[in-house]
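Colleague: What follows is the residue order along each chain.
There are 2 protein chains.
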Amino acid sequence: MDNFSDRLFEAVEAKRSQVVVGLDPAYDLLPPVLREKHEALDYRNELECAAGAYRDLLFNLLPRVAEHAVAVKPQLAYFEALGAVGYELYEQVVDAALQLGLMVIADAKRGDIGSTAEAYARAHFEVAGADALTVNPWFGTDGLVPFLERTRGGKGVFVLVKTSNPSSKEIQDLHVAGGTPLYMRVAELTAEWGERSRGELGYSAVGAVAGGTHAQQLAELRQALPHTPLLVPGYGAQGAGPEEVAGAFDAEGLGAVVNSSRRILYAYREHDTDWLDAATEEVIAMKRALWSASGRG
Amino acid sequence: MDNFSDRLFEAVEAKRSQVVVGLDPAYDLLPPVLREKHEALDYRNELECAAGAYRDLLFNLLPRVAEHAVAVKPQLAYFEALGAVGYELYEQVVDAALQLGLMVIADAKRGDIGSTAEAYARAHFEVAGADALTVNPWFGTDGLVPFLERTRGGKGVFVLVKTSNPSSKEIQDLHVAGGTPLYMRVAELTAEWGERSRGELGYSAVGAVAGGTHAQQLAELRQALPHTPLLVPGYGAQGAGPEEVAGAFDAEGLGAVVNSSRRILYAYREHDTDWLDAATEEVIAMKRALWSASGRG
Numbered sequence: 699m700d701n702f703s704d705r706l707f708e709a710v711e712a713k714r715s716q717v718v719v720g721l722d723p724a725y726d727l728l729p730p731v732l733r734e735k736h737e738a739l740d741y742r743n744e745l746e747c748a749a750g751a752y753r754d755l756l757f758n759l760l761p762r763v764a765e766h767a768v769a770v771k772p773q774l775a776y777f778e779a780l781g782a783v784g785y786e787l788y789e790q791v792v793d794a795a796l797q798l799g800l801m802v803i804a805d806a807k808r809g810d811i812g813s814t815a816e817a818y819a820r821a822h823f824e825v826a827g828a829d830a831l832t833v834n835p836w837f838g839t840d841g842l843v844p845f846l847e848r849t850r851g852g853k854g855v856f857v858l859v860k861t862s863n864p865s866s867k868e869i870q871d872l873h874v875a876g877g878t879p880l881y882m883r884v885a886e887l888t889a890e891w892g893e894r895s896r897g898e899l900g901y902s903a904v905g906a907v908a909g910g911t912h913a914q915q916l917a918e919l920r921q922a923l924p925h926t927p928l929l930v931p932g933y934g935a936q937g938a939g940p941e942e943v944a945g946a947f948d949a950e951g952l953g954a955v956v957n958s959s960r961r962i963l964y965a966y967r968e969h970d971t972d973w974l975d976a977a978t979e980e981v982i983a984m985k986r987a988l989w990s991a992s993g994r995g
Numbered sequence: 699m700d701n702f703s704d705r706l707f708e709a710v711e712a713k714r715s716q717v718v719v720g721l722d723p724a725y726d727l728l729p730p731v732l733r734e735k736h737e738a739l740d741y742r743n744e745l746e747c748a749a750g751a752y753r754d755l756l757f758n759l760l761p762r763v764a765e766h767a768v769a770v771k772p773q774l775a776y777f778e779a780l781g782a783v784g785y786e787l788y789e790q791v792v793d794a795a796l797q798l799g800l801m802v803i804a805d806a807k808r809g810d811i812g813s814t815a816e817a818y819a820r821a822h823f824e825v826a827g828a829d830a831l832t833v834n835p836w837f838g839t840d841g842l843v844p845f846l847e848r849t850r851g852g853k854g855v856f857v858l859v860k861t862s863n864p865s866s867k868e869i870q871d872l873h874v875a876g877g878t879p880l881y882m883r884v885a886e887l888t889a890e891w892g893e894r895s896r897g898e899l900g901y902s903a904v905g906a907v908a909g910g911t912h913a914q915q916l917a918e919l920r921q922a923l924p925h926t927p928l929l930v931p932g933y934g935a936q937g938a939g940p941e942e943v944a945g946a947f948d949a950e951g952l953g954a955v956v957n958s959s960r961r962i963l964y965a966y967r968e969h970d971t972d973w974l975d976a977a978t979e980e981v982i983a984m985k986r987a988l989w990s991a992s993g994r995g
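For the protein sequence lines, the chains are A and B, in the order given.
As numbered in our numbering, residues 699 to 995 make up the first sequence, in order.
As numbered in our numbering, residues 699 to 995 make up the second sequence, in order.
Hints in this document: simulated from the structure, not taken from any laboratory.
Only a predicted model underlies this, so the values are computations on that prediction, with no experimental measurement involved.
C-beta: ideal position from N, C-alpha, C; glycine also.
Worth double-checking, as some hints may not be accurate.
Here are some chain A residues pointing at chain B (derived, C-beta under 10 Å) [to be verified]:
| id | residue |
| --- | --- |
| 1 | Ala724 |
| 2 | Val731 |
| 3 | Leu732 |
| 4 | Tyr741 |
| 5 | Gln773 |
| 6 | Phe777 |
| 7 | Asp805 |
| 8 | Ala806 |
| 9 | Asp810 |
| 10 | Gly838 |
| 11 | Gln870 |
| 12 | Glu893 |
| 13 | His925 |
| 14 | Pro931 |
Cβ-Cβ distance ranges computed for the label pairs, FRET-style [to be verified]:
| id | chain 1 | residue 1 | chain 2 | residue 2 | range |
| --- | --- | --- | --- | --- | --- |
| 15 | A | Asp726 | B | Glu890 | 51 to 61 Å |
| 16 | A | Arg733 | B | Gln797 | 31 to 41 Å |
| 17 | B | Val843 | A | Asp871 | 30 to 40 Å |
| 18 | B | Ala922 | A | Pro924 | 56 to 66 Å |
| 19 | B | Gln921 | A | Glu765 | 52 to 62 Å |
| 20 | A | Gly939 | B | Gly993 | 40 to 50 Å |
| 21 | A | Glu765 | B | Glu890 | 47 to 57 Å |
| 22 | A | Gly939 | B | Asn743 | 20 to 30 Å |
| 23 | A | Ala738 | B | Thr878 | 56 to 66 Å |
Covered stretches of chain B (chain A as the covering partner; in silico rule of three or more C-beta atoms under 8 Å from a C-beta of chain A) [stated by the list, open to error]:
| id | stretch |
| --- | --- |
| 24 | 730–741 |
| 25 | 767–776 |
| 26 | 818–826 |
| 27 | 830–844 |
| 28 | 980–993 |
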């Protein structure tokens, strides 16, 4: 199988899109029409009712966004919050997305000692079938080896270098020896972890998560990591717009993909149209804004 | 509900045990008799066969260890590695352990931005019903708030302060401002996160994971964190013994619980007896060794 970053950026070129649609189903935010429909059905319990509504949301959304987004990013937490029935839905959503030609980045942020990380890698790459996985760097190299090894089979890894939340500064911005902020040290490690999985377009299969809410740090990371693909969360509901994330792209407009979750899934809240049209319009608008911000417009 | 640390250390006193049995089911390590039995049964696929064998292992083991261990620690990775059927088994195992009077520490090592962490907290505390959860500190305070809030309802949190794997030094041991190793800074934060959830025995419901494979750092952490319960992994298969973990206990022999997983589950490899007797003997031997190492013997 081709290198993950080649596959990712070939999809960017083919679809003229750097959009990743985050799949964060949350019951209270669902379009009321979906909640009412499923609450009127005969489920065994609330978790199964929510799973039915999420399935309805996502299986309707995926075909509509498949031509405009390069990837989807299911957020495991929202599936786990429904227990086993939610976990089953996660697996079904991965299958459906892959069949529609969408890449799948499982946003699981897993990290553990090596033997346990091996089980997580199997879970998300082989059993669920995701193309890429977000991972937490806290354990260091030996905890990441099982994920890194999968890059040889065409899989991708995104290391949490600098996250989009305000408190990320408490640990990630601490200065370590030499006066470097810790996230920069993790960025250097991420580049090292990716050295052996570079694709034909010059990018590694080991990427970095770098929050769009920190525009300056994002641009610094793009400079410091010329071979590392960036996955940029924080667009939309968390506050980042096209200007904030522009620094994530390289001179050719490659090198990054940008995620939006709630702004797309729950676009009905700011549109007068049907929820599915609203979500689709939001993806198309985001696609155009990013394409332009990356200098391709 | 009582404070988590009070419940934990009351169980230690009642059972005269500081043992946590790690539930890390791995197909290749299962007693051959279990594999043969389930491979002869008519399952739909390999994942369901493995889940059947794991269920057999764990549902036989739990009643045998319930009087000798204070808690079990299901390692989520090994359940996720079987997909939805594995996740369902995780939930069943939590239920079974609770019914047997065992506390449950879900070893999920989750961490994310606040809104997502809320979903993880709901998943493991409310839906699965675990008593405590291991969490990753990388996101800082706002990513931990949903977990910390659950301490008011009797739940516990264990922050990954210093993990048991060799590469943990790459990030956790980096020196930050003032020359402090990062894990010590995270230890200080952990103490702060726990200030508002201290129980009657003097310990907080916010604990720290501190690897038994780093004996000196473990003793330092016990000194630096007088109100923080320690969850010590790394005993047994990872190399730590009673001497290495002795420093984790306070002067009364409280303050810590110690986990062993593979050494217990797969004790048949080093015993001549049946796998269940071997596992039970191993728990009893560990219980005695720890009780003595903690100065209670």
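Colleague: With reference to the structure, classify each hint as holding or not holding.
Modeller: The hints, checked one at a time:
| no. | hint | result |
| --- | --- | --- |
| 1 | Ala724 | holds (7 Å) |
| 2 | Val731 | violated (23 Å) |
| 3 | Leu732 | violated (18 Å) |
| 4 | Tyr741 | violated (15 Å) |
| 5 | Gln773 | holds (6 Å) |
| 6 | Phe777 | holds (9 Å) |
| 7 | Asp805 | holds (8 Å) |
| 8 | Ala806 | holds (9 Å) |
| 9 | Asp810 | holds (6 Å) |
| 10 | Gly838 | holds (3 Å) |
| 11 | Gln870 | holds (7 Å) |
| 12 | Glu893 | violated (16 Å) |
| 13 | His925 | violated (20 Å) |
| 14 | Pro931 | holds (8 Å) |
| 15 | Asp726/A with Glu890/B: 51 to 61 Å | violated (31 Å) |
| 16 | Arg733/A with Gln797/B: 31 to 41 Å | holds (34 Å) |
| 17 | Val843/B with Asp871/A: 30 to 40 Å | violated (19 Å) |
| 18 | Ala922/B with Pro924/A: 56 to 66 Å | violated (41 Å) |
| 19 | Gln921/B with Glu765/A: 52 to 62 Å | holds (60 Å) |
| 20 | Gly939/A with Gly993/B: 40 to 50 Å | violated (60 Å) |
| 21 | Glu765/A with Glu890/B: 47 to 57 Å | holds (49 Å) |
| 22 | Gly939/A with Asn743/B: 20 to 30 Å | violated (46 Å) |
| 23 | Ala738/A with Thr878/B: 56 to 66 Å | holds (58 Å) |
| 24 | 730–741 | violated (count 0) |
| 25 | 767–776 | holds (count 3) |
| 26 | 818–826 | holds (count 6) |
| 27 | 830–844 | holds (count 8) |
| 28 | 980–993 | violated (count 0) |
Comparing the model with each earlier hint shows violations of hints 2, 3, 4, 12, 13, 15, 17, 18, 20, 22, 24 and 28; every other hint is respected.
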